[in-house]
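Novice: Spelled out, the chains give:
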Amino acid sequence: MNFDLGRVTLVALFAIVPIVGIALGMRAPALRSKIPVLVAFFAGLIPIVSLYIPKDFMSGDSGMSPRLDQWLIIVAAFALLLGITNVLSVNNRKINRREPGWPYAVVLLTGLLVTGGLGIYGAISKQGIGLLPDGSSTPFNWITVYVFQSLQSTIFALLAFFMASAAVRAFRARNTEATILLIAGGIVMAGRVPLLEFLAAPFPPLQPSAAAASQGLGKATEWIMNIPNGAAQSGIIIGAALGGASMAIRVILGIERGYLGLGKGD
Amino acid sequence: MPGLLHRFLALDRRWIFLLVLLSVAGPIIFPVGLPVTVTESTQKSFDYIEALKPGDIVWLSFDYGPSSAPENDPMAEAFLRQCLLKKVRVVVTALYPLGGLGLANQCLARITAEYPDAKYGVDYINLGYKDGATAVMRRLGDDISAAFPTDVSGRPLSEFPIMRGLKSIRDVKLVFTAATGLIGEYWITQVHSQIGTPVIIGPTAVSAPKYYAFINSGQLVGMLGGMKGAAEYELLLSRGHPELASLYRSTKGFTATKGMDGQTVLHGFILLFIVLGNIAFFQERAKKARA
Amino acid sequence: MHFVGFGTWLAALLTLFAFSFLYKDNPFFRFAESLFAGVSLGYYVGITLNQTLLPNLVDPMVQDFGHNWDLVVPGLLGLMLYVRAVPKIGWVSRYALAIFVAYYIGVDFTRRIQGEVLPQIARTMLPLSSLQATTLVSLIFIVGVYSVLVYFFFSKEQNAVTKPLARLGIWFLMISFGAAFGFTVMGRVALLIGRLNFLILNWIYPTIGLQ
Numbered sequence: 001m002n003f004d005l006g007r008v009t010l011v012a013l014f015a016i017v018p019i020v021g022i023a024l025g026m027r028a029p030a031l032r033s034k035i036p037v038l039v040a041f042f043a044g045l046i047p048i049v050s051l052y053i054p055k056d057f058m059s060g061d062s063g064m065s066p067r068l069d070q071w072l073i074i075v076a077a078f079a080l081l082l083g084i085t086n087v088l089s090v091n092n093r094k095i096n097r098r099e100p101g102w103p104y105a106v107v108l109l110t111g112l113l114v115t116g117g118l119g120i121y122g123a124i125s126k127q128g129i130g131l132l133p134d135g136s137s138t139p140f141n142w143i144t145v146y147v148f149q150s151l152q153s154t155i156f157a158l159l160a161f162f163m164a165s166a167a168v169r170a171f172r173a174r175n176t177e178a179t180i181l182l183i184a185g186g187i188v189m190a191g192r193v194p195l196l197e198f199l200a201a202p203f204p205p206l207q208p209s210a211a212a213a214s215q216g217l218g219k220a221t222e223w224i225m226n227i228p229n230g231a232a233q234s235g236i237i238i239g240a241a242l243g244g245a246s247m248a249i250r251v252i253l254g255i256e257r258g259y260l261g262l263g264k265g266d
Numbered sequence: 001m002p003g004l005l006h007r008f009l010a011l012d013r014r015w016i017f018l019l020v021l022l023s024v025a026g027p028i029i030f031p032v033g034l035p036v037t038v039t040e041s042t043q044k045s046f047d048y049i050e051a052l053k054p055g056d057i058v059w060l061s062f063d064y065g066p067s068s069a070p071e072n073d074p075m076a077e078a079f080l081r082q083c084l085l086k087k088v089r090v091v092v093t094a095l096y097p098l099g100g101l102g103l104a105n106q107c108l109a110r111i112t113a114e115y116p117d118a119k120y121g122v123d124y125i126n127l128g129y130k131d132g133a134t135a136v137m138r139r140l141g142d143d144i145s146a147a148f149p150t151d152v153s154g155r156p157l158s159e160f161p162i163m164r165g166l167k168s169i170r171d172v173k174l175v176f177t178a179a180t181g182l183i184g185e186y187w188i189t190q191v192h193s194q195i196g197t198p199v200i201i202g203p204t205a206v207s208a209p210k211y212y213a214f215i216n217s218g219q220l221v222g223m224l225g226g227m228k229g230a231a232e233y234e235l236l237l238s239r240g241h242p243e244l245a246s247l248y249r250s251t252k253g254f255t256a257t258k259g260m261d262g263q264t265v266l267h268g269f270i271l272l273f274i275v276l277g278n279i280a281f282f283q284e285r286a287k288k289a290r291a
Numbered sequence: 001m002h003f004v005g006f007g008t009w010l011a012a013l014l015t016l017f018a019f020s021f022l023y024k025d026n027p028f029f030r031f032a033e034s035l036f037a038g039v040s041l042g043y044y045v046g047i048t049l050n051q052t053l054l055p056n057l058v059d060p061m062v063q064d065f066g067h068n069w070d071l072v073v074p075g076l077l078g079l080m081l082y083v084r085a086v087p088k089i090g091w092v093s094r095y096a097l098a099i100f101v102a103y104y105i106g107v108d109f110t111r112r113i114q115g116e117v118l119p120q121i122a123r124t125m126l127p128l129s130s131l132q133a134t135t136l137v138s139l140i141f142i143v144g145v146y147s148v149l150v151y152f153f154f155s156k157e158q159n160a161v162t163k164p165l166a167r168l169g170i171w172f173l174m175i176s177f178g179a180a181f182g183f184t185v186m187g188r189v190a191l192l193i194g195r196l197n198f199l200i201l202n203w204i205y206p207t208i209g210l211q
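Protein chains in written order, with the working numbering: chain E, 1 to 266; chain L, 1 to 291; chain U, 1 to 211.
Hints may be right or wrong, so weigh each one.
Said to hold, decoys possible - When the alpha-carbon atoms are kept at most 27 Å apart in a straight line, the in silico DSSO-like pairs for lysine-lysine are as follows:
#1 LYS44/L - LYS173/L
#2 LYS252/L - LYS87/L
#3 LYS94/E - LYS88/U
#4 LYS119/L - LYS86/L
#5 LYS24/U - LYS94/E
#6 LYS173/L - LYS53/L
#7 LYS167/L - LYS53/L
#8 LYS252/L - LYS119/L
#9 LYS119/L - LYS126/E
#10 LYS24/U - LYS34/E
#11 LYS167/L - LYS55/E
#12 LYS44/L - LYS219/E
To be verified - If you only want the chain L side, here are some residues facing chain E, beta carbon under 8 Å, derived:
#13 GLY65
#14 GLY99
#15 ARG138
#16 GLN263
#17 ALA286
Said to hold, decoys possible - Over the 10 Å line for every Cβ pair with chain L, so calculated as not near, a few chain U residues:
#18 ASP25
#19 PHE31
#20 LYS156
#21 ALA166
#22 ARG167
Because the hints were derived from the structure by calculation, they are not lab data. Only a predicted model underlies this, so the values are computations on that prediction, with no experimental measurement involved. Ideal Cβ placement from N, Cα and C applies to all residues, glycine included.
My request is simple: use the sequences and hints to build the entire structure.
Specialist: Here you go:
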């Protein structure tokens, strides 16, 4: 058995401490909110500190930090499926109580159970979820290609219609800021596509001028994207990143505990 | 005239939907073949890949799903074609949970069929999907096999010649991420910043404006912005490799260049209606001011 | 005319069901929407099980438990997340949640500072020792970045100096949002192009024998 210091420390921090915390929490409810915060402190600190401590037990090949990265790949997989428990219970209740729209809940659960079941079958049978060795499709892959991909593409493609409708009805130059927005949007929309060439297509004598104008519009678009847009995006990135970093410090130090379902007084 | 304008703009939105449908369907049924102009960020991306040598290894990450496939698929396909043509070896992964894996599998199957000499496990490999995003990227910095112990079908990486000598992502020349959402950004801010591997990103048009800040700061080699970026890349490929020019001309499959026709027509209509809408708005405002 | 497979017909019909919402909400759309939600969740089950849990958790423990005994912990932590569905012992899941959230926050902290803040600020460090045409462009860029940052400073009331700077910041933001709108239109239209391409070239044309 491999008992590297890094591995053992991780197990102590994230298995032993929680077990002790759960045991204590059963007797003393006040500790149910305190010990998780302590565990969070170490979970948040290790990835940061490992960048600055080049010691084997921390950031070496079998150190704490790389091993924790591997652990969290696994935990992330479980976390991705968390929503399913909620969906199952909500839709189950809907069907049992025959609430309005309950047949659609049946459709949803059928889709979930069939596709999920095929995924589980693929794992158990070692068939996988892609193509079989002979090039044919597993049932899971078939559903992915013909149901999942087509539905996802189409649901998002609907946005094009609503976007066009909103632009036509709501985009008005009501004030200075809206005018700036409209002008910038107009230049970019015209500059990113060969619109002038398209308009000049039935008029051959105009085509060289249209091409030259289109080039100019394209250059103007690139300048807008690089300089004013680049500057604004840079400012947004800096602001958001500083906000995110300060939130990270608050979470790691236990000041911010809302993510655990705890309020300020808890 | 003003009354007509107002009545037109007050039409049921379903007429606008119909117009959108016809604007986009028209160029599919009657292709126009409009020209594409190349921008600097696409040119830089193409030139960087062109400068790679046979045997170099690059990393292609499918960080998008079917919700943006018409934009990202052509980018990934063009990148794969260029790499396989130049005998650059490709490691393929998918980090986007909602559909990245399926698209990676399909894209690889489509493109590698055009290059029968390219061998799986030697010239390219598909490592599949992995949960965890930044956790995966951190692990890739030290040991790829710790994050991806097997390829997409469960075979150990040690079985594949391409993975010999490839311990971490530091050993690849480039990461190309075709991305929607944050995962593409993580390659830049996590992998490039902490490990130093050059990154080219192919974002959707919705997220492309943000990446100009990363281009400006030198964190990106280049960017292919949306379907237009993909069309530019296809043009550069056709210019640089005549065999690909004939492929792109003759293929019945979807290409970004073909898609640009529909973009142009609809942009024209939207701009026209925005202008008409504002004319009506100012007329209304002038009428109120006079009253 | 040649036979278009059942899968293509199914995909085309589901596409039309979804598009029917554009006319008005109807049972076909609701069916497609519910099916999409269910199949998406089932898809998650398939990919996480086959691509992460099996190769990264189960197989390493089965093949070499001595080296991978510690993977029991993330496995249990992952399962612990689901305990929150049980009201009496839901508090136990706080441990798993604390580790999961805090870890990613910790990773995010260094990622943001090293990958976002520092490089973006470095871009605004402009050498003024030799003035060129590009210097003016860079100055516009820098003024833009800092005026946007001044605008975002909400914790103090703005004064005679910061107010005009913030106004300038808003204008830069408006240019950026206008540009973003232009790009967003392109992005959304691209999705529609893809879908119509499938319907016309992959379904209708082969069905009526045009391809």
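Novice: Checked against the structure, which of the hints given earlier come out wrong?
Specialist: 10, 17
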